[in-house]
Structures are given as structure tokens and as C-alpha cells.
Amino acid sequence: MRAHGAIRQLYILTLLLALVLFVLGCASPEAAVRSDGPPDWVQTPPRGDGTNEYFVGVAGDSRGDVAEAETVATAGMIDEIVRYMGVRITTDTTAEARASLDEFESSVVQTVRQTGAARVAGFRVVDRYVERRGEAVTVYLLGAYERASLEAERARLQAIFQERIDAVALPEQRGREFEARGLYFDAVLQYLEAAQAAATSDIENAEIRFERNINSARSLVSRIQLEKQNDNLRVMVREAFPESFEAVVRVNGRPVPGAAVRVSYKEFRGGRSTTRSTTIQSDEQGRVSFDHPIPQLVGSDTVTVGLDLSRYMLPLEELGREYRSQLDGLNGAISDTRVVFRYDVRSRAAQVPTGVLLHEADIAGNPIAAGTVSSSLQQELSSADFRVQNLSALRSRSAGMARDELLDLLRAEYGGRVERVILGSAQIDEFDEGDGFIVRVSGSAEAIDLETGEVLYSTSGFQRSRGASSNAAIQAAFRMLGANFGQDFASRLP
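Take the sequence shown: its position 177, counted from the start at 1, is 177 in the working numbering, and no numbers get skipped.
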């Protein structure tokens, strides 16, 4: 952030140097030849008058090089002008900033750098005196700067410099005011704005100002607390939650209005579960409320609510590595400001008497009487505390029946004893003996309300298995397929 000021200064000094050399080049040679000794202004620099402010530059060269001495004297006079305008001088024990301008060697040197900007309107060199002593030469330059132009430029520079200071000082001041008024989140945002301005500014003590504002933000963030107002919610699958997830943002018991918090939650879409997030703001009482989407899966899960400053931290994250330690501390405080809600999704399906009837077939479509898929599916549902009954007694009678015909049969045989039925089929569709016995089976199943015939949920899939014998491979494949179906129904069936 110091390089910009150095670039401007180099540009300004170049302009002023060019102007002075131009004026000197146009001056008559007689101006440098004196027979009556040095002019009075050499010994006593003139004070400013009603029209001009005067500046003197002096430099010598032991080898008698007038041009070299004149260049150095010009730079000295320019330094005086810029200093008069209120530009500060800083001393750095590093060559990094300067090396970025002119690719100087990277060894550490002591440099004096002036920051600011200057224009040359109204400036002229009014006299020049060259003094020789042996081989050495000393050049004296007298410059006059029209007071009106000088003061206008001085005011312009001071306004620009003050604007840079205000870019840091004003948000920092607002941050303190907001903090005193209990507007803690707004105060944090102001501190972050001030830190960002300091990091990209060439004002004095910019690093200190950056660190101070980051520390102020971190200290305040560490005091912000999220307090859960409810927890451990229970809901039935495919039904709305009975209430919202609620928390209050506070600092020392005082509510924090307008605080941005990020809510992260799970949602089932497109056949799979994904993590989603949304940002909400606390109200005047510091309360945040989140309505979770209707759950589609049975089981336990969480909702995480945490302070959200990502939008404001992004510009800071793009700063250089020298700021990383302070930002890591702030990010840690932000991450700690969160709460985790837990909830449990249950299904009424476990309490509904359910019958299971699936048909199995070999690769040619011939029925297999083992009933492995049905038994495995039933075992999974029983493990999930379902009231389940195996309807295998009807397997042979129901083979080949259309669904409506099969439902009529089930109503006649099991009406009043089961309210839902899981019907389906599975078949061997691949068989390979080239490298042991490898079998692939596929199938589908659907849960149906026995009274209405409504399909409540359906699933399908396939399963491969390898075995020492064809029968072992087939049974293993059917068993795993049935287990997958059972787990699917247990977690999805409403």
C-alpha cells in the first residue's frame, strides 16, 4: 500500500525537476557568473512576500560537475516545496517499495521517501548561483512559487490527504458510536470497513490502524452470542415442522438487531440429500426464525445457525499474506459464534400394519419360491419397528395377477389385518460363470394403501453378487436387494 504513494511522489518530483531544469536551461549564462560575490539570498533565504513564497536548493559536487550538483539542488528545493505543502516524510529501512518502482537491488537501504502530490503551476526559478572552490562546485537555486497557486495546491493536497485519513478514521469512529448505542453488528461492519481502507491506504501508521480495527471487530464478534429458543424438534416425514427453529442474537443480554446469520440445513431433492444455506437477519428484538422445508426422509439431522460476515470478509480475504494472522483470528471468532439445532423425523408408517409380498424369477422369468427378497425386506422393516407381516402364503396364487386383481385378493384375505401392502418383483437379469459365479438381479416395489389403492411410495434398483456357487450368488444378490428396498421404505414411507 506504500507503493502507490511512492509512484505519485516519483511522478511529481519528475515533473518539478523537468520544470526547474527547463527554466534553468532557458536562463542566461550570465545569471551564473558573479563578480561581486554571492547574492544575499544564499546566506539568508528570503521570506515570503505578498506575491510569492521562496524556496532554496543547495548542493555541491567535489568533482566540479555543475549539472550533477544542479540536479541534486533541484531535488532539495522540490523537497522543501512539497514539505511546505504538508507532505510528511517517512524513513523506511527496506528497499521493497522503491524496488517495485525502479527495480533497484533488494538489499536493505535507508531511504527517505516523500508521499503526496504536487502541481507546478505558478512555480519558477528566479536566480541561480554557482560557487567554485578549487575543483569543487556548489550550486544554489532560488525558486519562487506564486502564493495563490501554492496555497491552492496546498489546500488540494491537504484535502486529498485528509480524505485518505477519513476513509479509515470515520468508519472507525462510527463503529465506536454504534457499539456504544448497542448496534453491535453495525459496529462490526464499520470496523471491517475501516480495516479494509487502512490496508489499501498509504496513510501514516496504516498497519497499526488495520490491526486496531480488526482487533475491535474480533473483540466484538467474540461477545456476540446466539441463544437457542427451542431444540430437539420432532416431525413426521412429509409434514411441516410444528414450529420454526428460533434463536436470539445477544451481547451481554442485550439484543442485537440487524445481525446477518447463515442457516445451513439438509434438503432432499432430485433423489439425493444436499446441504443448503440461506442468510436471514435478526429483528429488532434480536430474534431469528427459520422455517425448515418439509422433510422427505426419516431420521435425525441438524440445523446450524451462525453469524454471517462472509460478504464483508471477502475483500479482506484478498489482501496479502502479511494480514493473514489477524484475519485468521477474526475468522475463528466468527466460526465460534454459532449454535446447532437437532431434530428427529419420524414416520407414522411404522405404526401402520403392513404386508409384504414380492415375486422372484430366474433369468428366463420362471418363478423362484425361495422368497429371499420378501424376507430380507421384512427383516429391515422389523428392525425399524414396523408392524409388518409376510404375505408369502399368497405368492403362488397371486403370480401373474394384475395389480387391481391382486389388491382385491389381498383385501379379501387380509382386510382388517393390514392397511398397507408392499408389492413388487425381482428377477435375475445377468449371470456369468466365467470367473466364479457372478449374478445381477433387479427389481421394483411399491407401498400401496390397501383400502384406496393409492401408491404411497415406490422404489427400484439392482444388485450384483459373487458366490462360490450359483445358488449362493443368487441368494446373496436377492437378499441385498431386499435389504436395500427395506431401508428405502423405512426412511421414506410416510
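In case anyone wonders, no lab produced these hints; they're calculated from the structure. Honestly, I wouldn't trust all of these hints.
Said to hold, decoys possible - Mimicking DMTMM-like on lysine to aspartate or glutamate, the simulated pairs with C-alpha atoms at most 20 Å apart in a straight line are:
{"no.": "1", "residue 1": "228", "residue 2": "301"}
{"no.": "2", "residue 1": "266", "residue 2": "488"}
{"no.": "3", "residue 1": "228", "residue 2": "344"}
{"no.": "4", "residue 1": "266", "residue 2": "283"}
{"no.": "5", "residue 1": "228", "residue 2": "207"}
{"no.": "6", "residue 1": "266", "residue 2": "246"}
{"no.": "7", "residue 1": "266", "residue 2": "243"}
{"no.": "8", "residue 1": "266", "residue 2": "385"}
{"no.": "9", "residue 1": "228", "residue 2": "318"}
{"no.": "10", "residue 1": "266", "residue 2": "301"}
{"no.": "11", "residue 1": "228", "residue 2": "283"}
{"no.": "12", "residue 1": "266", "residue 2": "284"}
{"no.": "13", "residue 1": "228", "residue 2": "246"}
{"no.": "14", "residue 1": "228", "residue 2": "177"}
{"no.": "15", "residue 1": "228", "residue 2": "404"}
{"no.": "16", "residue 1": "266", "residue 2": "318"}
Predicted model only: the values in this text are computed from it and were never measured.
So, going through the hints one by one against the coordinates:
1. For the suggested pair residue 228 and residue 301, the alpha carbons sit about 16 Å apart, so the restraint of at most 20 Å is met.
2. Our distance criterion of 20 Å between C-alpha atoms is met by residue 266 and residue 488, whose separation comes to about 18 Å.
3. Proposed proximity of residue 228 and residue 344 is supported: the alpha carbons are some 17 Å apart, at most 20 Å.
4. A threshold of 20 Å between alpha carbons decides the hint, and for residue 266 with residue 283 the separation of about 25 Å lies outside it, so the pair is violated.
5. For the proposed pair residue 228 and residue 207, the alpha carbon gap of about 38 Å is over 20 Å, so the pair is violated.
6. With a CA separation close to 17 Å, the supplied pair residue 266 and residue 246 stays within the 20 Å bound.
7. Under the criterion of a C-alpha separation no larger than 20 Å, the hint pairing residue 266 with residue 243 is consistent with the structure, at around 17 Å.
8. Only pairs whose Cα atoms come within 20 Å are accepted, and residue 266 paired with residue 385 is rejected, the gap being roughly 25 Å.
9. For the hint linking residue 228 to residue 318, the alpha-carbon distance of about 34 Å lies beyond 20 Å, and the restraint is violated.
10. Between residue 266 and residue 301 the CA atoms are separated by roughly 8 Å; this keeps the pair inside 20 Å, and the hint holds.
11. Under the criterion of a C-alpha separation no larger than 20 Å, the hint pairing residue 228 with residue 283 is consistent with the structure, at around 15 Å.
12. Straight-line distance between C-alpha atoms of residue 266 and residue 284 comes to about 28 Å, which puts the hinted pair past the 20 Å bound.
13. Distance restraint check for residue 228 and residue 246: the Cα-Cα separation of roughly 6 Å lies within the 20 Å cut-off, and the hinted pair is therefore satisfied.
14. Only pairs whose Cα atoms come within 20 Å are accepted, and residue 228 paired with residue 177 is rejected, the gap being roughly 29 Å.
15. For a cut-off of 20 Å, the pair hint linking residue 228 to residue 404 is broken: about 51 Å separates their Cα positions.
16. Proximity of residue 266 to residue 318 is assessed by CA-CA distance (about 30 Å); at most 20 Å being required, the pair is judged violated.
The structure shown violates the earlier hints numbered 4, 5, 8, 9, 12, 14, 15, 16.
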